[in-house]
Amino acid sequence: MNSLGKYKISISNIKRNKLRNSMVILAFILAVILGSIILGPVYGIQNYYVKTINEAGFNVIAIFSGNIASSNSYTLPTNFINISTMKYLENIGGVYAISPVFLAGYFSFGNSSAYFVGSNSQLKLIGSLELYKGSFIKDNSTNSNLINVDLGYNVWNKFLKGVDINQTVSLSLIVQFGFSYKYLNVKLKVIGLLSERPKIPSINLDPNNVVIANIFDIFYLFNITNYNSIPLDAIFVSASDFNSIDNLENKIVQVLSDLGYKKNVDYMIVSQKDAIYYVNNIFNQFYRFLNIIWAAILAISSLSILIVMFITVRERYREIGTLRAIGARKIDVVTMILLEGLVLCIIGIILGMFLGYIIINLLKMYYTFMQTVDNSTIIYTFSIIVPEIIASAIIFSLYPAYIASKVPPSVALRYE
Amino acid sequence: MNEVIIQLENVYKAYKIGNDTILALKNINLLIKKAEFISIVGPSGSGKTTLLNLIGALDKPTKGKILFNGIDLTQQNDKEISKYRAENVGFIFQTFNLIPSLNVWENVKLPTYFSSKKGFKEDKIMELLELVGLKERAFHKPLQLSGGEQQRVAIARALVNDPQILIADEPTGNLDSKNAEIILDIFKNLNLSGKTIILATHNLKLVEYSNRIIHLYDGVIKDEFVR
Ligand SMILES: Nc1ncnc2c1ncn2[C@@H]1O[C@H](COP(=O)(O)OP(=O)(O)O)[C@@H](O)[C@H]1O
Ligand SMILES: [Mg+2]
Chain A
0 MNSLGKYKIS
10 ISNIKRNKLR
20 NSMVILAFIL
30 AVILGSIILG
40 PVYGIQNYYV
50 KTINEAGFNV
60 IAIFSGNIAS
70 SNSYTLPTNF
80 INISTMKYLE
90 NIGGVYAISP
100 VFLAGYFSFG
110 NSSAYFVGSN
120 SQLKLIGSLE
130 LYKGSFIKDN
140 STNSNLINVD
150 LGYNVWNKFL
160 KGVDINQTVS
170 LSLIVQFGFS
180 YKYLNVKLKV
190 IGLLSERPKI
200 PSINLDPNNV
210 VIANIFDIFY
220 LFNITNYNSI
230 PLDAIFVSAS
240 DFNSIDNLEN
250 KIVQVLSDLG
260 YKKNVDYMIV
270 SQKDAIYYVN
280 NIFNQFYRFL
290 NIIWAAILAI
300 SSLSILIVMF
310 ITVRERYREI
320 GTLRAIGARK
330 IDVVTMILLE
340 GLVLCIIGII
350 LGMFLGYIII
360 NLLKMYYTFM
370 QTVDNSTIIY
380 TFSIIVPEII
390 ASAIIFSLYP
400 AYIASKVPPS
410 VALRYE
Chain B
0 MNEVIIQLEN
10 VYKAYKIGND
20 TILALKNINL
30 LIKKAEFISI
40 VGPSGSGKTT
50 LLNLIGALDK
60 PTKGKILFNG
70 IDLTQQNDKE
80 ISKYRAENVG
90 FIFQTFNLIP
100 SLNVWENVKL
110 PTYFSSKKGF
120 KEDKIMELLE
130 LVGLKERAFH
140 KPLQLSGGEQ
150 QRVAIARALV
160 NDPQILIADE
170 PTGNLDSKNA
180 EIILDIFKNL
190 NLSGKTIILA
200 THNLKLVEYS
210 NRIIHLYDGV
220 IKDEFVR
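Each protein sequence line maps, in turn, to chains A and B.
Using numbering that gives the first Met the number 0, read the first sequence as starting at 0 and increasing by one per residue.
Using numbering that gives the first Met the number 0, read the second sequence as starting at 0 and increasing by one per residue.
Take the hints with a grain of salt, since some may be wrong.
With a straight-line Cα cutoff of 20 Å, these simulated PhoX-like cross-link-like pairs (lysine-lysine) come out [what the hints assert, rightly or not]:
| id | chain 1 | residue 1 | chain 2 | residue 2 |
| --- | --- | --- | --- | --- |
| 1 | A | Lys132 | A | Lys50 |
| 2 | A | Lys329 | B | Lys25 |
| 3 | A | Lys363 | B | Lys140 |
| 4 | A | Lys7 | B | Lys120 |
| 5 | A | Lys5 | B | Lys59 |
| 6 | A | Lys405 | B | Lys78 |
| 7 | A | Lys14 | B | Lys140 |
| 8 | A | Lys5 | B | Lys140 |
| 9 | B | Lys59 | B | Lys25 |
| 10 | A | Lys186 | A | Lys160 |
| 11 | A | Lys17 | B | Lys140 |
| 12 | B | Lys25 | A | Lys5 |
| 13 | B | Lys120 | A | Lys405 |
| 14 | B | Lys25 | A | Lys7 |
| 15 | B | Lys116 | A | Lys5 |
Covered stretches of chain A (chain B as the covering partner; in silico rule of three or more C-beta atoms under 8 Å from a C-beta of chain B) [unchecked claim]:
| id | stretch |
| --- | --- |
| 16 | 49-63 |
| 17 | 314-325 |
| 18 | 397-409 |
If you're looking for bench data, these hints aren't it; they were derived computationally from the structure.
Think of the CB as a built atom: it goes at the ideal place given N, C-alpha and C, for glycine as much as any other residue.
Can you make the complete structure from the sequences, with help from the hints?
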């Protein structure tokens, strides 16, 4: 314990040149603040995207009809996915749930609109839908012109404000036929109201702007008896667990290929895992770019400590010689100077974290994208940048410390 | 009392400055016995500081051996040398060399951090400050003290690990005669209590206190006499 007393010198030295040491502390404060406001929002947005994709459904693999990704060179599918395709997919091992998605048309509410979606009871699980009230649609058709529906959050909360379950509403459905539209009056019985859920980034369809009905009820409404003649817009499949998504996706592609469907022409397949991978991949590229900026910030704080520790060592040559003369080992000199640098760095880091936290919270008031930077993201950001700052401070104090320890005491004592 | 504590054998010290080599010490042979009070005198540049630095192991000779209680200091590593400096010698400099950011008490304590000697008690710091007459200045900073007072703190610091040898390089060079006398009195008493004292000076008045005088001239021992 007694040997720790020597570090009292390091601490007392810090008080000696307040202006110079304040500059170093300031450099570290800025490093933490800049690091956290540059990296924090990016971590925040990435987390938000990954979280939203995760919450968008339960291990979902989405099979879309046609190729919506390459709309520039749109090639019409020759083979449409339909209800019978779904029957083939149902029997693949590892399929936990499966739903058809049929966009029957839309209801217009002033500037906004809601899709009329035909599906089945499993959509609730696949799409991680939560009921605010009432029940979800069933699998069998009621064969009636009064169609049971669940309303998306915006529909019951904004467009049809005040609507409740068990009420009947009459709406005009807009159905597209090629380039023309047809209006159809439909009577809907509200059986459930859905809770609000986040919008999936980069997908235009707002999951809160939907009216969900049983697909066969919609076919009944349209007088369709040959179900297999109707192209589905999508089929959603749930894998039983996240890690088996890729495996199941491969099996689905195989089955579809056996059925004569051409990938990226007749259908497009995307999984939640693909989406997360895609998002992470884009962010990783972005990090590589941001790391250059981060390195420049670190270089500035490192340089400031390097220069100041050099000046400190120079200025205290004689003192270092004295310490060596009264028995300090080289390693004592090194650790004493390192500690001095480290204390400056840590003071800067603590103040920087404090100010960084305040600044991020102020920025949140002016920039919506900053909202994604929650407390745990701030802590995560600090946990990434702080060790790097400390490591660089140690590395850059090490050289002046080493130089100091190399000075022969006899020379240091002669030094004026 | 005739035990040899320090022995120099054929010691040379050369300094290189660019292409020039300065021979600061030439073939020094010296035996120092326990409890001797030695004065090393000689004009400026004669090699006094160089010689003291070698005895205090602040530097290594270019050639020759320096033995402390029979152990060759020139062969020791940094850890062993540091232990020797911390525990066996107390160094006193012309320029005092106190640590300005620490107070008097802390300055005196400093060498104890580098010593592994057992039995140190903090009370000793106050006892030493009392010995040098600065007990009431314990919590002042060095720069609040006069030169003479600072040198007395330096003496207390040199004594804290109870070394066998005290090395003082022109300790009164920056002091007036009254203060110089106080310092010399302290040395005299320390010597009487059994410490070996090696003092470099060009002030011949100080020589009176010592029992052996070595005259250094241009890096060689020109003559010496014992009183
Ligand atoms: N570190 C050094 N580098 C070069 N020359 C030195 C060094 N230390 C001492 N000298 C030279 O060695 C000689 C003896 O110096 P020094 O021991 O300081 O003498 P003194 O203490 O008697 O004045 C002088 O010529 C001095 O210039
Ligand atoms: Mg000298």
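Verification of the hints:
1. A:Lys132 - A:Lys50: 25 Å, violated
2. A:Lys329 - B:Lys25: 29 Å, violated
3. A:Lys363 - B:Lys140: At roughly 50 Å apart (the allowed maximum being 20 Å), Lys140 (chain B) and Lys363 (chain A) break the hint.
4. A:Lys7 - B:Lys120: It holds: about 18 Å lies between the C-alpha atoms, which stays within 20 Å.
5. A:Lys5 - B:Lys59: Violated - the C-alpha atoms of Lys59 (chain B) and Lys5 (chain A) are around 26 Å apart, more than 20 Å.
6. A:Lys405 - B:Lys78: 14 Å, holds
7. A:Lys14 - B:Lys140: 14 Å, holds
8. A:Lys5 - B:Lys140: 17 Å, holds
9. B:Lys59 - B:Lys25: 14 Å, holds
10. A:Lys186 - A:Lys160: Distance ~17 Å between Lys186 (chain A) and Lys160 (chain A) Cα, so the pair holds.
11. A:Lys17 - B:Lys140: Within the cut-off at roughly 18 Å; holds.
12. B:Lys25 - A:Lys5: 38 Å, violated
13. B:Lys120 - A:Lys405: Given pair Lys120 (chain B), Lys405 (chain A) is violated - Cα atoms ~32 Å apart, limit 20 Å.
14. B:Lys25 - A:Lys7: Violated: Lys25 (chain B) and Lys7 (chain A) sit about 42 Å apart, past 20 Å.
15. B:Lys116 - A:Lys5: 16 Å, holds
16. 49-63: The restraint on the stretch 49-63 of chain A is violated, since only 0 of its residues have a Cβ under 8 Å from chain B and three are required.
17. 314-325: holds (count 8)
18. 397-409: holds (count 3)
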